[in-house]
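Peer 1: Here is how the chains run, residue by residue.
Number of protein chains: 2
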Amino acid sequence: MAHDIATDETTRLIASDKVEGTAVYNAMGERLGSVYNFMVNKRSGEVEYAVLQFGGILGFGSDYYPLPWNALNYDSGQGGYVVDLDRATLESGPHYGTEDEPVHDLEYGRQVYSHYGLSYPY
Amino acid sequence: MAHDIATDETTRLIASDKVEGTAVYNAMGERLGSVYNFMVNKRSGEVEYAVLQFGGILGFGSDYYPLPWNALNYDSGQGGYVVDLDRATLESGPHYGTEDEPVHDLEYGRQVYSHYGLSYPY
Chain A
0 MAHDIATDET TRLIASDKVE GTAVYNAMGE RLGSVYNFMV NKRSGEVEYA VLQFGGILGF
60 GSDYYPLPWN ALNYDSGQGG YVVDLDRATL ESGPHYGTED EPVHDLEYGR QVYSHYGLSY
120 PY
Chain B
0 MAHDIATDET TRLIASDKVE GTAVYNAMGE RLGSVYNFMV NKRSGEVEYA VLQFGGILGF
60 GSDYYPLPWN ALNYDSGQGG YVVDLDRATL ESGPHYGTED EPVHDLEYGR QVYSHYGLSY
120 PY
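For the record, the sequence lines run as chains A and B.
Under numbering that gives the first Met the number 0, the residues of the first sequence are numbered 0 to 121, in order.
Under numbering that gives the first Met the number 0, the residues of the second sequence are numbered 0 to 121, in order.
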């Protein structure tokens, strides 16, 4: 079973450029959008949140929705991340336009985590 | 000084797609290469290492050199990361071809950190 161990251990880590663009589904299997990018703490190297591109039609009019990293679970069956969120919760969450960039300060991080019922550990 | 605080806090975080492609210099200001991507622990969200594309001529024949995340320090003056490593240390470090992909298991992580004199904290 050496092969299985190797496989498990490989999947401990994921390459940054494989996260970007990966599809995101909700628990009912509906495709919500895809990961645009994710925000990393420069010093500690911790990923604070992944940014979901969501909404609009065929990608036009979509916005960026930061989600706590822990809210995303990779499902190899679906080949994407699954988040246990309904559309209404997501739509009312923090988001910004594709031409905008919020100040990613501690207050913003707290807002993101708090909207999804998580305490902000940073 | 509210502005300075905002600036500092914004720069706490960096977007994944801004890390990729960023130039990497050594302490003498020589350009070693650029960040190809970086490896994230899926569960914990911790970045274990950044992968430097280094060597070859004009990008041909270069290889991928994983470096502990903490070994990279962003220098806004140079607009890139600085690593305090000489070429010989880098050349003798773990690396793989652009068509290859190592098994990113715990043993590999330990090799990477150990080559650069760091204990592997994962």
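I should point out that these hints are in silico values taken from the structure, not numbers from a laboratory.
Please note that the accuracy of each hint is not assured.
[Said to hold, decoys possible] Which stretches of chain A does chain B cover? Using the computed rule of at least three CB atoms under 8 Å from a CB of chain B, they are:
id, stretch
1, 67 to 81
2, 110 to 120
[Unchecked claim] Partial selection, computed: residues in chain A whose CB lies under 10 Å from chain B:
id, residue
3, Leu12
4, Ser15
5, Val18
6, Lys41
7, Gln52
8, Ile56
9, Leu57
10, Asp85
11, Arg86
12, His94
13, Tyr95
14, Thr97
15, Glu98
16, Asp99
All C-beta atoms in this analysis are idealised placements derived from N, C-alpha and C, irrespective of residue type, glycine included.
Peer 1: Have a go at the A:Arg86 hint: is there a Cβ in chain B nearer than 10 Å to its own Cβ?
Peer 2: This interface hint is violated because 25 Å lies over the 10 Å limit.
Peer 1: Just to be careful: measuring from the Cβ of A:Thr97 to every Cβ in chain B, is the smallest value less than 10 Å?
Peer 2: Status violated, d = 13 Å.
Peer 1: Less than 10 Å between beta-carbons is the criterion; does A:Leu57 satisfy it with respect to chain B?
Peer 2: 22 Å, violated
Peer 1: The hint names A:Leu12 as touching chain B; please verify it with the least Cβ-Cβ distance against 10 Å.
Peer 2: At about 4 Å, which falls below the 10 Å cut-off, the nearest Cβ of chain B leaves the hint on A:Leu12 intact, so it holds.
Peer 1: Between the stretch 67 to 81 of chain A and chain B, are there enough contacts, at least three residues with CB-CB distance under 8 Å, for the coverage claim to hold?
Peer 2: That given contact holds, which follows from 3 residues of the stretch 67 to 81 of chain A lying within Cβ reach (below 8 Å) of chain B.
Peer 1: Quick check on A:Glu98 please, does its C-beta sit within 10 Å of some C-beta on chain B?
Peer 2: 15 Å, violated
Peer 1: Would you check whether A:Ser15 satisfies its interface hint, that is, whether its CB is within less than 10 Å of any CB in chain B?
Peer 2: 5 Å, holds
Peer 1: So, A:Asp99 near chain B? Judge it on the closest CB pair being under 10 Å.
Peer 2: With a minimum Cβ separation of about 13 Å from chain B (threshold 10 Å), the hint on A:Asp99 is violated.
Peer 1: Quick check on A:Ile56 please, does its C-beta sit within 10 Å of some C-beta on chain B?
Peer 2: Hint on A:Ile56: violated, closest Cβ of chain B at ~24 Å, above 10 Å.
Peer 1: Does the nearest C-beta of chain B fall within a distance shorter than 10 Å of the C-beta of A:Tyr95?
Peer 2: 13 Å, violated
Peer 1: With 10 Å as the cut and Cβ atoms as the points, is A:Lys41 at the interface with chain B?
Peer 2: Nearest chain B Cβ about 5 Å off; hint holds.
Peer 1: Do at least three Cβ atoms from the stretch 110 to 120 of chain A come closer than 8 Å to Cβ atoms of chain B?
Peer 2: violated (count 0)
In terms of the numbered hints stated before, the structure departs from hints 2, 7, 8, 9, 10, 11, 12, 13, 14, 15 and 16, listed from lowest to highest.
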